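*Asks:* Residue strings, one per chain:
Number of protein chains: 2
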Amino acid sequence: MSLEDKIRKVEPYVAGEQPKVPGLIKLNTNECPYPPSGKVKEALRLLEEESEKLRLYPDMNAQELVDAIAAHYGVDPERVFAGVGSDDVLSMCFLTFFTGGEEILFPDVTYSFYEVWAGLYRIPYRLVPLCSDFTIDPEDYIPADKGGRAPGTIGGIIFPNPNAPTGIELGQEDIERIVSANPDCVVIVDEAYVDFGARSALSLTEKYDNLLVVQTFSKSRAMAGSRIGFAIGSPRLIGYLKDVKFSFNSYTLNLQAIRAGRAAVEDDEYFREITGKVVKTREWFAKELKDLGFEMTQSRTNFLFAKPLFMDTNELFLRLRENKVLVRHWDRPRIGDYLRITIGTDDDMREVINIIRRIKGED
Amino acid sequence: MSLEDKIRKVEPYVAGEQPKVPGLIKLNTNECPYPPSGKVKEALRLLEEESEKLRLYPDMNAQELVDAIAAHYGVDPERVFAGVGSDDVLSMCFLTFFTGGEEILFPDVTYSFYEVWAGLYRIPYRLVPLCSDFTIDPEDYIPADKGGRAPGTIGGIIFPNPNAPTGIELGQEDIERIVSANPDCVVIVDEAYVDFGARSALSLTEKYDNLLVVQTFSKSRAMAGSRIGFAIGSPRLIGYLKDVKFSFNSYTLNLQAIRAGRAAVEDDEYFREITGKVVKTREWFAKELKDLGFEMTQSRTNFLFAKPLFMDTNELFLRLRENKVLVRHWDRPRIGDYLRITIGTDDDMREVINIIRRIKGED
Chain F
1 MSLEDKIRKV
11 EPYVAGEQPK
21 VPGLIKLNTN
31 ECPYPPSGKV
41 KEALRLLEEE
51 SEKLRLYPDM
61 NAQELVDAIA
71 AHYGVDPERV
81 FAGVGSDDVL
91 SMCFLTFFTG
101 GEEILFPDVT
111 YSFYEVWAGL
121 YRIPYRLVPL
131 CSDFTIDPED
141 YIPADKGGRA
151 PGTIGGIIFP
161 NPNAPTGIEL
171 GQEDIERIVS
181 ANPDCVVIVD
191 EAYVDFGARS
201 ALSLTEKYDN
211 LLVVQTFSKS
221 RAMAGSRIGF
231 AIGSPRLIGY
241 LKDVKFSFNS
251 YTLNLQAIRA
261 GRAAVEDDEY
271 FREITGKVVK
281 TREWFAKELK
291 DLGFEMTQSR
301 TNFLFAKPLF
311 MDTNELFLRL
321 RENKVLVRHW
331 DRPRIGDYLR
341 ITIGTDDDMR
351 EVINIIRRIK
361 GED
Chain G
1001 MSLEDKIRKV
1011 EPYVAGEQPK
1021 VPGLIKLNTN
1031 ECPYPPSGKV
1041 KEALRLLEEE
1051 SEKLRLYPDM
1061 NAQELVDAIA
1071 AHYGVDPERV
1081 FAGVGSDDVL
1091 SMCFLTFFTG
1101 GEEILFPDVT
1111 YSFYEVWAGL
1121 YRIPYRLVPL
1131 CSDFTIDPED
1141 YIPADKGGRA
1151 PGTIGGIIFP
1161 NPNAPTGIEL
1171 GQEDIERIVS
1181 ANPDCVVIVD
1191 EAYVDFGARS
1201 ALSLTEKYDN
1211 LLVVQTFSKS
1221 RAMAGSRIGF
1231 AIGSPRLIGY
1241 LKDVKFSFNS
1251 YTLNLQAIRA
1261 GRAAVEDDEY
1271 FREITGKVVK
1281 TREWFAKELK
1291 DLGFEMTQSR
1301 TNFLFAKPLF
1311 MDTNELFLRL
1321 RENKVLVRHW
1331 DRPRIGDYLR
1341 ITIGTDDDMR
1351 EVINIIRRIK
1361 GED
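Those protein sequence lines, which keep their order, are chains F and G. Counting from 1, one number per residue, gives the positions in the first sequence under this note's numbering. Counting from 1001, one number per residue, gives the positions in the second sequence under this note's numbering.
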């Protein structure tokens, strides 16, 4: 067998572009348009003073950060697991909870990494089509013997709430119905975008010990650059997650992330301020887009999923790009007619509206 | 199938203890006794000023850090891969390069995570016993048809150089013999401890494109808290590594690590100063230990692997602990008679000598 035969070959990931063009309005990766809390800056200053501590391994448990998250959400620290962004946490969840060999379920239109992790860890999966209006029908995730429409046994369930890139929220009752009807598998609710007006399933984790909620600091806490994510669930699930993680890479969250993350989560006032601003801008911008001739889902996130009715979507994508506005477009079945537009500042979005008007020839 | 049946159960990892006892001399996790470069402090200060940048995703390639490493070692940036500590890099290497289904080889006494990663990714492996003096015999890694003693085909090879916890260096000629005799598999030399007086196989990566060298910032650059590791090899191998890594978790090195790491690698003078100090302390301390009645391997690392001839090893370990000196001891075949003692400052090591004298009743 040759060397090449021993190497894993994968489809390289294509991330949202990160070009360095001056004056670019970057609305393609769902980052927060506002800076992190001033307390993060303060934490970095304190870390500078204590930089000699970097010589030591960081705390494996990131306890300082875990305790701050636990206090913020009013849960026991035993119920919190922290990782290097929610991608790291989710990947660890796939590895830990979906190993029974039974098919796991997730939507056909959703976060693209679910398929990647399932492939990586050789987990069989079945894509569950969204309804024609892009909503999730909870009955599709409920076994037939519980009155639902899911065929066969279920190895696990994961979906984002709100879903991405549709932005649509699934109601608490529907989530509870899915979780309660599936006591024999872990249900993961990926709440990357929950802080922009949707309701978290966090309180359900007290009632159901097969439920895990995963969140990130990358969007609502304006800290994509620090790579922090976390899961909250029963101490049993969190314990298994820690065992798996520590067994093969114990130290991953660095001291800088632990300190900065703690500072961010402790500044609730600022968190409410920036998420509130994003929501307000989103609502205003959605109305403007509608007036301009877009069809949209009801987004509870920091982006809009919008379909132009006045011109071809890819053409609009390219025209926006020429005008230094970067949004996301996937040339894929079902979603090819839509653009995913991150909510920036009011100024950013006013400029986008003006540019679209010019493209339409209205100006 | 119940929920429990779907969960991966692992042997939880037992790391070197990190107790918070005042006055403790902590010589159990091979951290550097000196602080990181002053330039790291400066980088953190600059980052404080630019903390608003944390709202954006970090550069997937960590290009700023990769370029600094490439410049320092005089190689093309295409030949460098950076990750979250060398554990992350090594784990990614197992996942990428050892997927042929053929047995990979590594020493029976070595870094304990090799077995863990092989298990995690279901890679068959064979432990190759070290010689009785704890050295690696290169012939054990060379196929019979090339004149060596390795039975069957080889799926891949990994060993630390210097090896851990023995501290013993394998010579360049021996490494080259292993690499050149195995063109059909990847050979990984894990150089976590190479900067304390051993010779790196780096230059061989220009000649052999099946060789990968992995290093870390955790020991010789005094930055265990920042979690930075890297691999250097042919652009082909590095390309495959990037494809696999980006395919399932694109952003892992945070902005703080990228900046701090770059600053550290650019301060070559300080790097030479602290590694030089550790080597000097090690040589002096080894002589003292010998005089006290220890047998030792020839260490080229920042630790000594030492066997007390005057009392039971575990008893000495516990007595040192009572005296607030923490070292590492494994109750395992072959190495149970040895202690692994990290090299601290001269003051630390003088104190250790005094304590051992007291334990022996010489004082």
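Among these hints, one or two may not hold up.
What the hints assert, rightly or not - Calculated cross-link-like contacts (lysine-lysine; reagent style DSS-like; alpha-carbon spacing at most 25 Å): (1) G:LYS1207 with G:LYS1290; (2) F:LYS39 with F:LYS280; (3) F:LYS53 with G:LYS1207; (4) G:LYS1290 with F:LYS53; (5) F:LYS39 with G:LYS1324; (6) F:LYS39 with G:LYS1009; (7) F:LYS26 with G:LYS1053; (8) G:LYS1009 with F:LYS53; (9) F:LYS41 with G:LYS1041; (10) G:LYS1041 with F:LYS39; (11) G:LYS1009 with F:LYS242; (12) G:LYS1039 with F:LYS242; (13) F:LYS277 with F:LYS26; (14) F:LYS207 with G:LYS1009; (15) F:LYS20 with G:LYS1053.
No lab work stands behind these hints: they were computed from the structure. Predicted, not measured: the structure shown is a model, and the values here were computed from it.
*Asks:* Are the hints correct? Go through all of them and say.
*Replies:* Results for each hint:
1. G:LYS1207 with G:LYS1290: violated (40 Å)
2. F:LYS39 with F:LYS280: holds (24 Å)
3. F:LYS53 with G:LYS1207: This hinted pair is violated, its Cα atoms lying about 39 Å apart.
4. G:LYS1290 with F:LYS53: Violated, because 32 Å separates the two Cα atoms, which is more than 25 Å.
5. F:LYS39 with G:LYS1324: violated (36 Å)
6. F:LYS39 with G:LYS1009: Violated. F:LYS39 to G:LYS1009 sits at ~39 Å, over the 25 Å cutoff.
7. F:LYS26 with G:LYS1053: holds (13 Å)
8. G:LYS1009 with F:LYS53: violated (34 Å)
9. F:LYS41 with G:LYS1041: holds (14 Å)
10. G:LYS1041 with F:LYS39: With a Cα-Cα distance of about 19 Å, the restraint between G:LYS1041 and F:LYS39 holds, given a limit of 25 Å.
11. G:LYS1009 with F:LYS242: Satisfied, since the Cα-Cα distance of roughly 11 Å is no more than 25 Å.
12. G:LYS1039 with F:LYS242: This hinted pair is violated, its Cα atoms lying about 34 Å apart.
13. F:LYS277 with F:LYS26: holds (18 Å)
14. F:LYS207 with G:LYS1009: holds (24 Å)
15. F:LYS20 with G:LYS1053: holds (13 Å)
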